[in-house]
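Going line by line, the protein sequences match chains A, B, C and D. First residue of the first sequence: 1, per the UniProt record's numbering; consecutive thereafter. First residue of the second sequence: 1, per the UniProt record's numbering; consecutive thereafter. First residue of the third sequence: 1, per the UniProt record's numbering; consecutive thereafter. First residue of the fourth sequence: 1, per the UniProt record's numbering; consecutive thereafter.
If you're looking for bench data, these hints aren't it; they were derived computationally from the structure. Just so we're clear, the structure is a prediction, and the values are computed from it rather than from any experiment. A few of these clues could be false.
Heads up, the list lumps identical chains together, so a pair's fine if it works in one copy or across two of them.
[Said to hold, decoys possible] Derived pair list, reagent style DSSO-like, types lysine-lysine, alpha-carbon separation capped at 30 Å:
hint, residue 1, residue 2
1, Lys148, Lys262
2, Lys193, Lys335
3, Lys262, Lys368
4, Lys193, Lys262
5, Lys92, Lys415
6, Lys193, Lys148
7, Lys148, Lys239
8, Lys98, Lys148
9, Lys193, Lys401
10, Lys228, Lys148
11, Lys193, Lys368
12, Lys193, Lys228
13, Lys368, Lys98
Number of protein chains: 4
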Amino acid sequence: MKLYRPTEECGIFGIYGHPEAANLTYLGLYALQHRGQEACGIVSSDGRSLYTHRSMGLVADVFGNQEIFGNLPGESAIGHVRYSTTGDSVLKNVQPIKVDYSRGSIAIAHNGNLVNAQYIKDELEAWGSIFQTTMDTEVILHLLATSKHSSLEDRIIDALGRIKGAYCLLFLTETRMVAARDPHGFRPLCLGKLGDAWVVASESCALDLIEAEFVREIEPGEIVVITKDGLTSHFPHKKIEPAPCIFEFVYFARPDSYIFGKNVYQVRKDFGRQLCREHRIDADIVIPVPDSGVPAALGYAQEAGIPFELGLIRNHYVGRTFIEPQQSIRHFGVKIKLNPVREVLKGKRVVVIDDSIVRGTTSRKIVKMVRNAGASEVHVRISSPPTSYPCYYGIDTPTRKELISSSHTIEEIRKYITADSLGYLSEEGLLQAVGAGSNPFCKACFSGGYPITFPRLMAEPQLDLF
Amino acid sequence: MKLYRPTEECGIFGIYGHPEAANLTYLGLYALQHRGQEACGIVSSDGRSLYTHRSMGLVADVFGNQEIFGNLPGESAIGHVRYSTTGDSVLKNVQPIKVDYSRGSIAIAHNGNLVNAQYIKDELEAWGSIFQTTMDTEVILHLLATSKHSSLEDRIIDALGRIKGAYCLLFLTETRMVAARDPHGFRPLCLGKLGDAWVVASESCALDLIEAEFVREIEPGEIVVITKDGLTSHFPHKKIEPAPCIFEFVYFARPDSYIFGKNVYQVRKDFGRQLCREHRIDADIVIPVPDSGVPAALGYAQEAGIPFELGLIRNHYVGRTFIEPQQSIRHFGVKIKLNPVREVLKGKRVVVIDDSIVRGTTSRKIVKMVRNAGASEVHVRISSPPTSYPCYYGIDTPTRKELISSSHTIEEIRKYITADSLGYLSEEGLLQAVGAGSNPFCKACFSGGYPITFPRLMAEPQLDLF
Amino acid sequence: MKLYRPTEECGIFGIYGHPEAANLTYLGLYALQHRGQEACGIVSSDGRSLYTHRSMGLVADVFGNQEIFGNLPGESAIGHVRYSTTGDSVLKNVQPIKVDYSRGSIAIAHNGNLVNAQYIKDELEAWGSIFQTTMDTEVILHLLATSKHSSLEDRIIDALGRIKGAYCLLFLTETRMVAARDPHGFRPLCLGKLGDAWVVASESCALDLIEAEFVREIEPGEIVVITKDGLTSHFPHKKIEPAPCIFEFVYFARPDSYIFGKNVYQVRKDFGRQLCREHRIDADIVIPVPDSGVPAALGYAQEAGIPFELGLIRNHYVGRTFIEPQQSIRHFGVKIKLNPVREVLKGKRVVVIDDSIVRGTTSRKIVKMVRNAGASEVHVRISSPPTSYPCYYGIDTPTRKELISSSHTIEEIRKYITADSLGYLSEEGLLQAVGAGSNPFCKACFSGGYPITFPRLMAEPQLDLF
Amino acid sequence: MKLYRPTEECGIFGIYGHPEAANLTYLGLYALQHRGQEACGIVSSDGRSLYTHRSMGLVADVFGNQEIFGNLPGESAIGHVRYSTTGDSVLKNVQPIKVDYSRGSIAIAHNGNLVNAQYIKDELEAWGSIFQTTMDTEVILHLLATSKHSSLEDRIIDALGRIKGAYCLLFLTETRMVAARDPHGFRPLCLGKLGDAWVVASESCALDLIEAEFVREIEPGEIVVITKDGLTSHFPHKKIEPAPCIFEFVYFARPDSYIFGKNVYQVRKDFGRQLCREHRIDADIVIPVPDSGVPAALGYAQEAGIPFELGLIRNHYVGRTFIEPQQSIRHFGVKIKLNPVREVLKGKRVVVIDDSIVRGTTSRKIVKMVRNAGASEVHVRISSPPTSYPCYYGIDTPTRKELISSSHTIEEIRKYITADSLGYLSEEGLLQAVGAGSNPFCKACFSGGYPITFPRLMAEPQLDLF
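Model the full assembly from the supplied sequences, consistent with the hints where possible.
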């Protein structure tokens, strides 16, 4: 269950060639809000200039005013929702970043994490470049500005050839929109069409909301350039084995999205079915930790033939800050979001389905909450393998030390969370469920096998680099 | 499904005798947020003075600042969340209302709707009283202020003897807290205990969050007076047949709450089971309109032996205002909140479970959305009888003219919403499911049988009276 | 000199029968800003309803937005600028106050101070009235609401018959504007005409700004009722000896205003001339304490034949709060507003002219500042008699204990402020300069002879009564 | 008179080595507020990092909160008040500008205007530099960042060797403060001492407020480097003829300041005396256009032996925006700030003294206002020569076309402003009064003799270059 850690990563959206570009970008960001709740922004272009509106806050709040769209004219726009992975959470670090340079104006929106950004920044500063933000993303713009090539495409290719790490990028200039996905394809990115307008979005649910047609996913290593003359595709990088992030399926993407060739909801249900096959138990009811655990719990319940129930009710009105009373209320953190339904749980043998265990503290509170509500047995099932290694490609996991499974056996974790039994989905089961026989996913968080090497200093502790 | 109409009614919470009274009231209101998202407020007492903080907005936003609690000192407090049923939505109409009068200060929080408020107001103004707000609630304070009795209890009894309608009330003075529920008991109100402190709340879920013990429901017609010497109970009104609101079970209360002697989640599941018995259909999957339709859909699915699936995903990040693009996007209103999962629905015969149909427009959009996502058949089942009459006791229903079932047959409604079949839970089935053999509920919205007569001008159209 | 104590009292302005009523009221208030910088407000009427905009802050800030005027429609309006004399400085205490009562809506704006307000309030509350503010002004509205008379004029006359103290009042209803001045005529109030529209203002400078023609002063005890049919004048009170406030001439009113039959600038110059005749001294230059001391200094210099110079430069960019450094800077308070011109003062025998000495601390700082800048002698001359008694009629003077002249001889004051000599204008000289042979002024602050008796509790200390 | 054009130019202040550095900088800026009311900011250093607070608004508003100073720690600080001469008025253009570059952090505050900034910017951008603001000042930082020298002093000397135009600069790094004045010395800059702390300010009035001792003016072409080891002075530029701005004396500087070796008030009085000698007239009273015309009017009156009076009263509560009524009020613009005293002017032959005539429209309104108030004759005297040429060194004058004296004879101007006579101070008289026999002032605005050549595109119209 995700709690208190606002959803990590970022979401990006762009549209080219539509008279309501900024308004549709706002709707697209709204559909991608689960990918970042801390800040958001839109840059639009009317063919001559770029226009910006960015702020800390949720999409519906930041853009909750008709006048804003009057100040975002034009037929193309890109937008960004973010939860910081690098850079402080201050206004100047809100994306898209827009700069003026010798060739005009350019804006950029980035989902991912660059591993060699500090190295490049040092080099540029030694020459005399002055950086405006503390975001890794800004180095791409400086590489663009100092490139000796004359066309925008060549400058972008030049810049992307220098950076390493995870990225889905959207660039907007006065007259073009460019989308790029890193050669490993860590993060999802898809292409759609709305009438004559081209649309690019992190997840297909953003296309659905604006009723754009899903065209295809943008491929790992692909650069798509969109101008008034149409769309061209480029593959400047050496082809390598892709490594899409399996955690997008486990809990990050929205269940109604279609990413990496699959529907997320169906994959999650299959995780639940497979989990049941691996860790079946005799019980009275199966309950999810809402909302992310629901599909896996449905899969588990159907496979097990045990009734599915909502034994924990989630309160969705959670604000950004929460003032707790000073007297100790047990399990307070979890109680703000979840409340057990005593009448459902009382006297029952309960299987609780969650998508992952990070530090173990939340799971421990949930088990106690379910038991206090009268459950006679509490069996915890996790729809992914133990998460033992931090992510350096855009998911905001804690350091290894804080990941309970990096230093504890499953039995030790079971004891800590006070469950009667505990079962994780196996790595093989996970891949089988997702239909990935031949391993095309990044599973570094389970195995420690990182597809891209990174500077030693990034390893432990995972610091903000800039 | 509720959409765009922010949840109606109000929620109230009070605590007496706890050093963190205001902070716990804030948590209680937070748990009652579903009862009103427009505005909220807290009044606390330190034994000498009353302190107020009120504002438009959600609880977590209005009280998202530790300093506020420094300005709400004392060991007792009452709070209110509201969606206006009478009175404009301006700051001076946010509750609790606090006034100074000849006997000191008093604050009041009200859930319900008075039917003779305008009549009393006219009478008081003719004498020379000046009203500060446009809320029906304020007449109670003026009746208190002009009462000739000397004790607070007697003044309250005097004032309550004059008013007619639905009310759960909390009063706070420098030294006392008083709770009152109208003789029909339209709205729920319960009593709890947290250590030595007394707690009163609209629903038991608010007790759960602060880990207070549930003691009992406050009875229809009961007045509970709490002082430092303890709690006394009064029944000054003539005993009449109670008429709790059945719609609290249908969709208004939180599923984890215990009200009118039952757990809401279990009652809703039973509505679903009974609905299946009355309107069984051969289908492939049962899907709820989330979130309120989930328990009934689970009941229906279990009774029918058809798999339960999440075919519609709800976006919870909805803000107060939403800027729509001007070009027509079909079913846009619903799309902001719901997105279909194509892979779940494609080629399936689908039963869609919702709790009620108001105007029919939302149901129509949902049916089209499900069908466009590939469903081969769409069968709509409603877990309550047709709603043909407006509510005058605190639920913000539209006028009769707008209620589709007041002027259309079920077959006409089915055609309008373009469903393959449509079935409503019968009134008998509803009462049977809730275990109310001998009719103790207000079912005016189904039958037009109003327990309290009201001035003719209230009837049609339902105007803001003040 | 006035320093840190924002200008006291209030200013009022009203206009009836002009299509830009609210905008002209804003300009009128702007011209009266010197009478109150803490808060301001306007209520307008379009013949059917009253519209309000009020806030803490300066006129140009509170109304610095064209949209506000769109929300203040109609052809009549009244406005108010205030520095609180009674009532806390919170938003609900900002005037005009507008209420709804049995006869419709009414707004009121008040300049002055009622001495029997608490007594009347107690009486009304005992019956059951509930007050909304802590301002003395509100009792007038309650007296109006409870009056048994049926016409507005009679209700107003009824209410004014009950109150005692200093008041200039403006009332606005949907269709009328009423102006009233208390029988003593403590505060100024004048009548003007702009085309067909009637204008009422505290001082004539407000008429000048909007280019309205000055018609006459409203007389002590007069009530002027303005309707679409024209203006009628009423004198319902028993005629008594008027007692206009001499301090309006000394420093409160603007020098370009015409009040109580005289131009303020000319009167102040005559105070300076007379002061010279009474306390001539051999010196090199005469300097004012700006801005209020300038006219008297010019008069003194002309009478004395000594050059007038600006030896102290005033900084006008003073904000509402000022964050002082913690290290002691000598005379810091005065330095924020005044800086000496060393080259003007060096080696000179200087006469410093100020309008009054309140606590003596400011004068002491000024004398030291002038001497530190190189003056060889510093002679202080005050253009009014010693202020030994507090004002209860609308000027915010400190308590008697704090008034230095209530407990010190002139020689003691001279020593305290470290001047080489000190001279006050005599009471006779003051009256002679203003041309008031037969005493028609209130001089209570000099003599303690209060024209209206007041409750003992008001006397010392001067508390906020409500 | 200055009206509606907020005071132009900028003011700078810095202090090194004082525990309350930020608070004293705030006071210094407050004393310099007349040099720029649009925006202000402070950067402080605690020896390790730089801290920033900047905003649109007046000093007392932007820094009106004690907490701000807690976020500006350290013993050195620089500050800036601005009215934009180049660059849009948006937040990112508020100074001081602070950047991080390869050598750490550096902040800069600038008073003046660079004439070759666009040229240098183009060159840097061609290489790949990305600019953050649209201010000419930013090029200095980029020149610093790209300099090949290793010491800060050498980098600054290197950068200043590239730029041309008017500048007084303050730099702050973690450990140093550097002040620089351009070789012509267009703008004033002085050095002071407060205990052991060094202070630098645009005008001496800022030293007075914090009670710092005036040490000396910083010389044209001088660079002063202040570290914990003390102060060193550098003169890297070739010595040239200085050209301080005569308009600082005419109206820009505060009368209590000492700049370019003189007290401003005394110089202005001497302008008035000389003006009288050149354009004596028989009249009854001399009145200034307040506030800037007061000293010259006093000088004129004393020299002429005619009484000085305040015939125009200035309202100081002017806000940033002013909502005018739509109906035409004659001379409205001037009326907001000035109101005539009818009793002073009636029947009099009046000499009106102002410091300059720009477009002529304001003077025309003032003459009409004085005449309408009853003056029998209105003679205008201007305490500077006709302003026929725009300034490119930091004073925000309009283009030549708008300067009335660039295209009209004095007699034509007299007719336009409807004065009975008009006299300007001669250029010779001006220089004589200021004691500048041998021409060391920039008088380009009178003569068109610009000390520094500038790109043709700057000439007409005077565009925002960036």
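Status of each hint after checking the structure:
1. Lys148 to Lys262: neither (41 Å within a copy, 55 Å between copies)
2. Lys193 to Lys335: between (43 Å within a copy, 18 Å between copies)
3. Lys262 to Lys368: between (36 Å within a copy, 24 Å between copies)
4. Lys193 to Lys262: Result: close within a single copy only, 20 Å intra versus 51 Å inter.
5. Lys92 to Lys415: neither (45 Å within a copy, 54 Å between copies)
6. Lys193 to Lys148: Intra 34 Å, inter 51 Å, cutoff 30 Å: neither.
7. Lys148 to Lys239: Classified as within; 25 Å inside a copy, 41 Å across copies.
8. Lys98 to Lys148: both (21 Å within a copy, 29 Å between copies)
9. Lys193 to Lys401: Neither: 45 Å inside a copy, 41 Å across copies.
10. Lys228 to Lys148: within (25 Å within a copy, 44 Å between copies)
11. Lys193 to Lys368: between (49 Å within a copy, 22 Å between copies)
12. Lys193 to Lys228: within (14 Å within a copy, 64 Å between copies)
13. Lys368 to Lys98: Intra 49 Å, inter 41 Å, cutoff 30 Å: neither.
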